[in-house]
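The residues making up each chain are set out below.
There are 2 protein chains.
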Amino acid sequence: VAGLSQEAREALDQAEVIVGYKIYIEQIKTLVAGKEIAASGMTRELERAGLALDLALSGKEVALVSGGDPGIYAMAGVVFELARARALVFGSEPGQVRVEVISGIPALAAAAGLLGAPLTHDFACISLSDRLTPWTLIEKRLALAAEADFVLVLYNPKSKGRDWQFGRACELVGQHRSGRTPVGIVTRAKREGQLVNLTQLDQVAAAAVDMQTVVIIGNSQSFIYQDRMVTPRGYIEKYGTED
Amino acid sequence: VAGLSQEAREALDQAEVIVGYKIYIEQIKTLVAGKEIAASGMTRELERAGLALDLALSGKEVALVSGGDPGIYAMAGVVFELARARALVFGSEPGQVRVEVISGIPALAAAAGLLGAPLTHDFACISLSDRLTPWTLIEKRLALAAEADFVLVLYNPKSKGRDWQFGRACELVGQHRSGRTPVGIVTRAKREGQLVNLTQLDQVAAAAVDMQTVVIIGNSQSFIYQDRMVTPRGYIEKYGTED
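Sequence lines, in order, name chains X and P. Numbers given in the numbering used here equal positions in the first sequence, counted from 1, plus 2. Numbers given in the numbering used here equal positions in the second sequence, counted from 1, plus 2.
Treat the hints with care, as some may be off.
Remember, identical chains collapse to one label, so a pair may be satisfied in a single copy or spanning two.
[As the list claims (entries may be wrong)] In silico SDA-like pairs for lysine to any residue, Cα to Cα no more than 25 Å straight-line:
| # | residue 1 | residue 2 |
| --- | --- | --- |
| 1 | 24 | 49 |
| 2 | 62 | 229 |
| 3 | 142 | 161 |
| 4 | 62 | 227 |
| 5 | 162 | 194 |
| 6 | 37 | 197 |
| 7 | 240 | 131 |
Please keep in mind that the hints were generated in silico from the structure rather than gathered at the bench.
Full structure from sequences and hints, please.
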């Protein structure tokens, strides 16, 4: 697991129980051999968070694993949401479970590195999943972020039950940005089955994307150079070739 | 270096020359003992990128190090910008240097983990440095991102020569968001001298920030729970305490 930090590895070593989405558990199975493991399916976030809290309350050291970084659209927030709700509903004592968030390399950074350097300037990160967020709010964010010329990072572009949102998002962004804007598409970054694809905005709606895909749409300055997607910070424009 | 990935460590081992900003070189000095080292000061980005390219052209294996992730407001983009500009100006052959970007844990993810889980929903990342970007564009991005209710991540809030931009940014965001919005301030995340501070929007302008600080301003749903800053994804609102 090339992207695992020393700190994350030590946390896995110390844990007595490992909880997580089965695809992520699979990736670290050799590191946690012999430990108690509770793996579950993709949409069972509350179940996993509740199980991790229950096990911790019972006195066990628990590692709840996420892919990428646990704080970006991932399990860290769910744990705090649930802990607070339980305290409100059941009156459980605060502070019974000590939660530590161990940061990792987010999918957006892994994808950016594989594409080149598309995030060297301001960017906005938007999930296209309307399972928990009203689509009207997602559209508003897409339109305002496109208007502000942010590089756009799209998470969760498409799933089995959601097939039109990605096309609609590209259409909205296209109202503010040239059809020739570079777009990078990375699926399963740094994992088995990794796909890296460079295209442009007016062709992207046809590209294959799924829940493991991160899409990065350039800003008005982004360019392709030697099959890499780059958003300049502006050094050359300001200082010329060298200072 | 707890946040270093296995992949980054291997790249340092393979490199013959290490180039970078002296504060970052200092953190890895035990890992690169005995290697040729070229460290320079903070504002010499083009110089460092040029030196790394020159050394690579001379046939050496070079590691150009950044803090956090090299692709987020960091050196990866500068290298590609300069390589392209040299090719245009001097007609140097493309493809002479093979550049590989090795992603890391960005300051925004490290800061978020130390604060709790403030980035569990859509966010916009904005640098307040107007050294290379017109302040009018920065203001436009701040205003539109605040209007869209993104969590805001601010890089480079203040430097020796820039003292009013951070206060102005907080004022702009305050036009769209309650003064009681949680704000997390993290300086030197995961490094010596680390500072973590939780406050709220109407008090943040007085906080101590510098070029090593990341400021995270919550969205309308963010809350503080047991000294952690959390932006809910919305699981509890949708499903209740447990599925």
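>> To test your reading of the hints: which numbers does this structure violate?
In response: 6
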